[in-house]
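J.: Residues per chain, in single letters:
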Amino acid sequence: MKQVLVLLLVSLFSLSAPAETVVVVSANSSITAVSREQLANLYLGLASSLADGQRVIPVEQAPDKPAFQEFHRHITGKSPIQVRAYWAKVVFSGVAVPPRELDVKELLRFLKDTPSAIGYIDRHQVDASLKVVYRIN
Amino acid sequence: MGRWVSIVIATFSLLFFRTAWCEDEAASGLLAIKGFGSIVASRTSHDTLGFRTQNQPAEVAFKSAGRWSIASESVLGVQADLFQHQEISATAQVLTTYFQHAYAEPKVELAFLRWRPAPDWQFRLGRYWIPAFMNSETAYVGFANNFIHQSLIYLAYPVSHLDGADVRYRHALGDGFLTTNVFVGRTRYDYPDSADGKEDYFDISAAGLSVTWENARWLLRTNYSAGNMARNGPATTTIITQVVPALMAMSGANCQPCAGEAAKWRRVYDGGQIRLLSLGARYASNGSSISGEWNQRTTDTSLPKSYLFNIELTHQLSERWLLYLNHLAYKTLTNNAPVLNLPAFAGIDALYAGQKGDRYINSVGGKYFLSGNVALRADVSEVNVLFAQARPIPHTLRAGVFQFPRRSQIFSLALDVVF
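Residue numbers (the numbering used here), protein chains in the order written: chain G, 1 to 137; chain U, 1001 to 1419.
Treat the hints as calculated values from the structure; they're not laboratory data. Among the hints, erroneous ones may be present.
[What the hints assert, rightly or not] Calculated from the model, a selection of chain G residues having no Cβ within reach of chain U, i.e. all distances over 10 angstroms:
(1) 26
(2) 115
(3) 126
(4) 133
[As the list claims (entries may be wrong)] Here chain G is said to cover these stretches of chain U; the calculated rule only asks that three of the stretch's residues, wherever they fall, bring their Cβ under 8 angstroms from a Cβ of chain G:
(5) 1073-1081
(6) 1087-1100
(7) 1172-1182
(8) 1257-1271
(9) 1281-1292
We put the beta carbon where it would ideally sit given N, CA and C, even for glycine.
Please build the complete structure, drawing on both the sequences and the hints.
T.: Pasting the structure below:
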């Protein structure tokens, strides 16, 4: 009975535990780590490369995905609607184009195939073909 | 109304085209078609006081005089971005609104090729947005902007794009990025449709330097532009061919200011020099922001020296609610020399000298995001005119006697979409 209760509690805890979002690149990428500021600049279209001049291609998930909301809340400080309004201003003035928006399956394939790409996914989706370069706690 | 129906049909056709031909836009990455639109209903507090934001004819301004109208500011834009590969792309945007006629008409707002040979460098060739605005940048995109009646005054008139080229260099500085933008181009300001159907226009050529430092929270910008404006059109040809020679003939002892006046008119039609210095700053955090912009215009006395000041405060009440306050001021510092130096205009000159030509608009408004694509806005603007003959920007127009009430109000509602 005691074991069942422990198992139930563990199950409940794992169900309620928030998913951890991590920023990843291809395992073949030369990128080893990025800072929060660098990610904010990449995802707001202010930068398209890292400090060493290496061009980086950021990719997004759909705004209704929990990973999108968690990533932007921590990195750009914007809600999905604010992100949408920000890019509407930037895109329709011809200043820049937003990161490509891919579903998780496409995003994983794109990240694995493109060493210069960077994206964010749930920690559980990381495998040997990907490298974690930033953790959102 | 018929034109709006055809525009809506055209938009849905484009969306169908997008769905049919570019079903997997994200995966192909070749073509993206996006758009925005606003239905803006406005009315003024006086049934003899009209309102307009573009170079629209008076009849459009008076549609909102004391009654609700969607004519003056409703807008629809469709944009196509074509990516050949990472370095080269093309952008085209068609914007439909009441420009200088009493009906909605589509015009090409953006059409440029972009080349990014390196992450820091960008070259654009074609029709591009003038990189000198701040609070009014993308004033047409209601979903992204707050204050409904943003001013698009560049140099002297409301224009938003140039046909030419620009070069941008961006590099990291501190925890932000410094962007230097050099631009050159031409544009055209069309006068409102005149009663006899003859339209005048200004040919405007401009070159400028814009320097911006920004990060996720701060934006600091300065811009200097120098331009030449030459007025053209059939309705004014007689002035350059008849009035100027006549004034020159009268100059001398009989008419002391005639020579100067003739020279002024010749400058207006041959091309007057005009310069714009703008400074702007914005700080945003947790959905709230404060932004301010100051533009000073100086000319070769073809037009008055003036400045435009705009400050906006926004506060995000919740995920969906946002409140904003906006103050827009236009001040004329010197008069239009030399004609108004005549004794008959001494009173006006004194008013300008005392900065009594000031006019400003204070607005309070709210925005509610229905979704990630649709928003509602409502604002009330109080137009203050210190001098009865001043014209606030955006313009209010008075029917009959050329005199404005000290205070008047504009009430506006907007439905904004992006797609």
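J.: So, for every hint listed, does it hold in this structure?
T.: Against the structure, the hints:
1. Every CB of chain U is more than 10 angstroms from the CB of residue 26(G) (nearest about 17 angstroms), matching its label as outside the interface.
2. With a least CB separation of 14 angstroms from chain U, residue 115(G) remains clear of the 10 angstroms interface cut-off, as annotated.
3. The claim that residue 126(G) is not at the interface with chain U holds, since no C-beta of that chain comes within 10 angstroms of its own (minimum 22 angstroms).
4. Here residue 133(G) stays apart from chain U, with its beta-carbon at least about 18 angstroms from theirs, past the 10 angstroms limit.
5. For the segment 1073-1081 of chain U, the assignment as covered by chain G holds, since 3 residues bring a beta-carbon within under 8 angstroms of that chain's beta-carbons and 3 suffice.
6. With 3 residues bearing a CB less than 8 angstroms from a CB of chain G, the segment 1087-1100 of chain U meets the requirement of three and the coverage assertion stands.
7. Proximity of the segment 1172-1182 of chain U to chain G, defined as three or more residues with a beta carbon under 8 angstroms from a beta carbon of that chain, is established by the 4 residues found.
8. Counting residues of the segment 1257-1271 of chain U whose beta carbon lies closer than 8 angstroms to any beta carbon of chain G gives 0, which falls below the threshold of three, so the coverage claim is violated.
9. Here the segment 1281-1292 of chain U counts 3 residues with a CB under 8 angstroms from a CB of chain G, which clears the bar of 3, and the coverage holds.
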